[in-house]
Each structure stands twice: as C-alpha cells, then as structure tokens.
Amino acid sequence: VIAAGRISVYPRDGAYQLYCTGLTPEGVGDLSVAFEQLKEKLRKEGLFDAAHKKPLPAYPRRIAIVTSPAGAAVHDMIRILRRRYPLAKVLLLPVRVQGTEAPAEIAGAIRYANRHALADVLITGRGGGSLEDLWAFND
Numbered sequence: 001v002i003a004a005g006r007i008s009v010y011p012r013d014g015a016y017q018l019y020c021t022g023l024t025p026e027g028v029g030d031l032s033v034a035f036e037q038l039k040e041k042l043r044k045e046g047l048f049d050a051a052h053k054k055p056l057p058a059y060p061r062r063i064a065i066v067t068s069p070a071g072a073a074v075h076d077m078i079r080i081l082r083r084r085y086p087l088a089k090v091l092l093l094p095v096r097v098q099g100t101e102a103p104a105e106i107a108g109a110i111r112y113a114n115r116h117a118l119a120d121v122l123i124t125g126r127g128g129g130s131l132e133d134l135w136a137f138n139d
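Residues 1 to 139, numbered by my numbering, are exactly what the sequence shown covers, in order.
Keep in mind that the hints were calculated from the coordinates and are not lab data. Mixed in with the good hints there might be a few duds.
[What the hints assert, rightly or not] Below 30 angstroms or equal to it, Euclidean Cα-Cα: the simulated DSSO-like pairs (lysine-lysine) are:
{"#": "1", "residue 1": "K89", "residue 2": "K54"}
{"#": "2", "residue 1": "K41", "residue 2": "K53"}
{"#": "3", "residue 1": "K39", "residue 2": "K53"}
{"#": "4", "residue 1": "K39", "residue 2": "K54"}
{"#": "5", "residue 1": "K41", "residue 2": "K89"}
{"#": "6", "residue 1": "K54", "residue 2": "K41"}
{"#": "7", "residue 1": "K44", "residue 2": "K54"}
[Said to hold, decoys possible] Restraint ranges, calculated between C-beta atoms of paired labels, are given here:
{"#": "8", "residue 1": "L38", "residue 2": "Y16", "range": "15 to 23 angstroms"}
{"#": "9", "residue 1": "G14", "residue 2": "I123", "range": "21 to 29 angstroms"}
{"#": "10", "residue 1": "A107", "residue 2": "S130", "range": "15 to 23 angstroms"}
{"#": "11", "residue 1": "A3", "residue 2": "I123", "range": "34 to 42 angstroms"}
Heads up, the beta-carbon is just placed ideally off N, CA and C, and yes, glycines get one too.
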C-alpha cells in the first residue's frame, strides 16, 4: 500500500509519529500471486478444457449445496433455487467456509456428494468476505 499523511515528533521523548490520512492499494499481493499460480497449474493439467465440462441439466431434480448452515447466504441460495426449480430436491451439506478446517471440509463434502451421486448439480458458496476469507474455496 501507499500511505499518505504527515509525520510529527512527540516533544517529550522525541518519538516520531505518523498520522495516516489515506491508503492506496499498490502492487499485487501474495494471495493474488498464489491464485494466478493455482489457475496456471490447473490449466496445464487440462482441468479448464471443454472436454471436462459437463452440460448443466435444464431442470435438475437434485441440487446439493456445500456451504455453512448459518448465515444469510444459504437462505438466499435456497430461496432462489425454490423459485427457479420448485420441483428440485435441495440437499444441504454443511461445512465450515472459513478457517483452517474449511478447505478439507469443503473438499470432503464434494467428494462425498460425488461418491454417493447425491445430486445432478452441486453448488459451493458462501456470503461475501475478504480474499483471505474466501481462500478456503481455492485450497
């Protein structure tokens, strides 16, 4: 970041003080670099190739959601799914979506859903957050 502000000296002991009046992002952060490296690795493995993509069913019968059972995001997803696909069965696979345990829980729920053919469509998601908060979905 680039910080703007002013410097003063605390008279009693001569210590410098920085009064920051503004911050501007500058450059690329470590997580952004890691994300681009991950995308490139997956691209080289061919995982983004059209051959790996499956067409989405027009009217899915079973929809699994991998997300936290708490918070507004899951309720928003269910509300929208009920409106768009009123005949579909919606299954919630509850996981943590933030923190050190989240990546393993998310991946485990996806593997479980695939292994047991639980759904025609699987959604992973959460509400908003910082790049760090959302990173569990990249691991």
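How does the Cβ-Cβ distance of A3 and I123 compare with 34 to 42 angstroms: does it lie in that range? With a Cβ separation near 40 angstroms, A3 and I123 satisfy 34 to 42 angstroms, so the hint holds.
Would the hint linking K39 and K53 be met if the CA-CA limit is 30 angstroms? 16 angstroms, holds
For a C-alpha distance cap of 30 angstroms, please report whether K54 and K41 respect it. Holds, at about 21 angstroms.
For the pair supplied as a hint, K41 and K89, is the alpha-carbon distance within the 30 angstroms limit? 35 angstroms, violated
A range of 15 to 23 angstroms was offered for this pair. Does it hold for the Cβ distance of L38 and Y16? 41 angstroms, violated
Would you check the hint for K41 and K53, treating anything up to 30 angstroms between C-alpha atoms as holding? Holds: K41 and K53 sit about 18 angstroms apart, inside 30 angstroms.
Does K54 sit within 30 angstroms of K89, going by the straight-line distance between their CA atoms? 20 angstroms, holds
For the pair we were handed, K44 and K54, check the Cα-Cα distance against 30 angstroms. Holds: K44 and K54 sit about 19 angstroms apart, inside 30 angstroms.
Is it true that the CA of K39 sits at most 30 angstroms from the CA of K54? 19 angstroms, holds
Beta-carbon spacing of G14 to I123 - inside the hinted bounds 21 to 29 angstroms or not: 59 angstroms, violated
Is the hinted range of 15 to 23 angstroms satisfied by the C-beta distance from A107 to S130? Check passed, 21 angstroms falls within 15 to 23 angstroms.
Consistency with the previously given hints fails for numbers 5, 8 and 9, ordered from lowest to highest.
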